[in-house]
Amino acid sequence: MQTVFHLIADEPAQQRTALTIAENLTEDDSVEIDDVAIVAQADGIEPLTAGGDGSETVKSLLEAGIAVKACSNTLEMKDLADSDLVEGVETVPSGGGELTRLQSEGYAYIRP
Amino acid sequence: MQTVFHLIADEPAQQRTALTIAENLTEDDSVEIDDVAIVAQADGIEPLTAGGDGSETVKSLLEAGIAVKACSNTLEMKDLADSDLVEGVETVPSGGGELTRLQSEGYAYIRP
Amino acid sequence: MQTVFHLIADEPAQQRTALTIAENLTEDDSVEIDDVAIVAQADGIEPLTAGGDGSETVKSLLEAGIAVKACSNTLEMKDLADSDLVEGVETVPSGGGELTRLQSEGYAYIRP
Chain A
1 MQTVFHLIAD EPAQQRTALT IAENLTEDDS VEIDDVAIVA QADGIEPLTA
51 GGDGSETVKS LLEAGIAVKA CSNTLEMKDL ADSDLVEGVE TVPSGGGELT
101 RLQSEGYAYI RP
Chain B
1 MQTVFHLIAD EPAQQRTALT IAENLTEDDS VEIDDVAIVA QADGIEPLTA
51 GGDGSETVKS LLEAGIAVKA CSNTLEMKDL ADSDLVEGVE TVPSGGGELT
101 RLQSEGYAYI RP
Chain C
1 MQTVFHLIAD EPAQQRTALT IAENLTEDDS VEIDDVAIVA QADGIEPLTA
51 GGDGSETVKS LLEAGIAVKA CSNTLEMKDL ADSDLVEGVE TVPSGGGELT
101 RLQSEGYAYI RP
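If you read the sequences in order, they're chains A, B and C. In this text, residue positions in the first sequence follow full-length UniProt numbering: the first is 1, and each later residue adds one. In this text, residue positions in the second sequence follow full-length UniProt numbering: the first is 1, and each later residue adds one. In this text, residue positions in the third sequence follow full-length UniProt numbering: the first is 1, and each later residue adds one.
Keep in mind the hints are simulated off the structure, nothing from the lab. Hints are supplied without guarantee of correctness; some may be wrong.
Pair ranges (Cβ atoms, derived) [to be verified]: (1) S83(C) / A64(A): 31 to 37 Å; (2) K78(C) / D53(A): 18 to 24 Å; (3) T91(A) / A13(B): 22 to 28 Å; (4) E56(A) / E76(B): 43 to 49 Å; (5) E90(C) / S60(B): 43 to 49 Å; (6) E76(B) / D53(A): 38 to 44 Å; (7) R16(B) / E105(C): 31 to 37 Å; (8) D82(C) / D82(A): 45 to 51 Å; (9) G65(B) / E105(C): 30 to 36 Å; (10) A13(A) / E90(C): 25 to 31 Å; (11) E90(C) / R16(B): 35 to 41 Å.
Here are some chain C residues pointing at chain A (derived, C-beta under 8 Å) [claimed, not checked]: (12) I8; (13) T100; (14) R101; (15) S104; (16) Y109.
Quantities reported herein were computed from a predicted structural model and do not represent experimental measurements. Ideal placement from N, C-alpha and C gives every residue a C-beta, glycine not left out.
Whole structure, please, built from the sequences with the hints as guidance.
Now the structure itself:
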């Protein structure tokens, strides 16, 4: 099974909860999880920025093999470059497009 | 691919983000999007009301061919008539029912 | 069709809306709903606790045949025991795992 988490809100507590749930998911032996991804856009981009609130957890998730994806439209709107992101974070053309693509491939969607 | 956006919160910033993501999605050439719908209920109904905050964007989305659907339970609870809605907005018996129906038809779900 | 509602936020108004939508869904004759479940985690656990805000509605939903599931990680983090929950509420190893499992079985996902 595959799961994508959607990070979008400007709420540090919510973002931390999201990252905790992603971590817990990888440790839940009652489900067979093949892939976990995180798609971040709008104000949910913060933990993906180098030095941003939550960026240490994002690093741990990347090390655990979770794909972390940033919306390019958001980067443009916030005047952020790829080099402003935590190393290993990917960019996607649009968050909405990526979330649609992943769900069409069978990913479950979770919006913390 | 098909995508449904769920508008539910009483947060103008979140509603604007939702509408922006819907617009960006239609411009993302990396995914083949056949249909986009918006289902609004509870306090997410605001941009669907004539003259409401965000209603100009809703008009643009309707013109772009996006289906915009209002929950009838919400209209009843808020004492709103069909004539209070932006022209072109449809009503559905329940927001939850419509979101279930669309996902069962293969729509990806995005909750901004 | 099947639907799972995700309760996660510490917002009584949002939780009440979630429970109302779940109730309305069971009364919407335009869709054939076979199963409705609620998965609660993080601060969304409140209405599932005995005497908690919203617990009366949770009791009604359980009586209506809706499965209500609490995340065990959340219970541990909040130092809650099974006996602190409304009678009839089930526990699941992780909220994220359960939401993934249900969606992989065809449940539509709704995040109020």
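A quick look at each hint next to the structure:
The hinted range of 31 to 37 Å is satisfied by S83(C) and A64(A), whose Cβ atoms lie roughly 34 Å apart. Checking the proposed 18 to 24 Å range against K78(C) and D53(A) shows it holds: the Cβ atoms sit about 23 Å from each other. At roughly 23 Å, the beta-carbon separation of T91(A) and A13(B) lies within the given 22 to 28 Å, and the hint holds. Remark: the range hint 43 to 49 Å for E56(A) to E76(B) is upheld by a beta-carbon distance near 48 Å.
Between E90(C) and S60(B) the beta carbons are some 45 Å apart, a value that agrees with the proposed interval 43 to 49 Å. Under the hint 38 to 44 Å, the C-beta atoms of E76(B) and D53(A), about 42 Å apart, fit the expected range. At about 35 Å, the CB distance of R16(B) to E105(C) agrees with the hint of 31 to 37 Å. Here the CB-CB span from D82(C) to D82(A) is close to 47 Å, well matched to the stated 45 to 51 Å.
Distance hint check for G65(B) and E105(C): the Cβ-Cβ separation is about 32 Å, which falls inside the suggested range of 30 to 36 Å. A C-beta distance of roughly 26 Å is found between A13(A) and E90(C), which places it inside the suggested range of 25 to 31 Å. Roughly 38 Å separates the CB atoms of E90(C) and R16(B), a value that falls within the hinted 35 to 41 Å. Because the closest C-beta pair between I8(C) and chain A is about 6 Å apart, less than 8 Å, the hint holds.
Restraint check, T100(C) versus chain A: the minimum CB separation of about 4 Å is within 8 Å; hint holds. A cut of 8 Å between beta carbons decides the hint on R101(C): the least distance to chain A is about 5 Å, and the hint holds. Given hint, S104(C) at the interface with chain A, holds; its Cβ is 5 Å from that chain's nearest Cβ, closer than 8 Å. Below 8 Å, beta-carbon pairs count as interface contacts, and Y109(C) has one with chain A at about 6 Å; its hint therefore holds.
Hint check: no violations occur; every hint is consistent with the structure.
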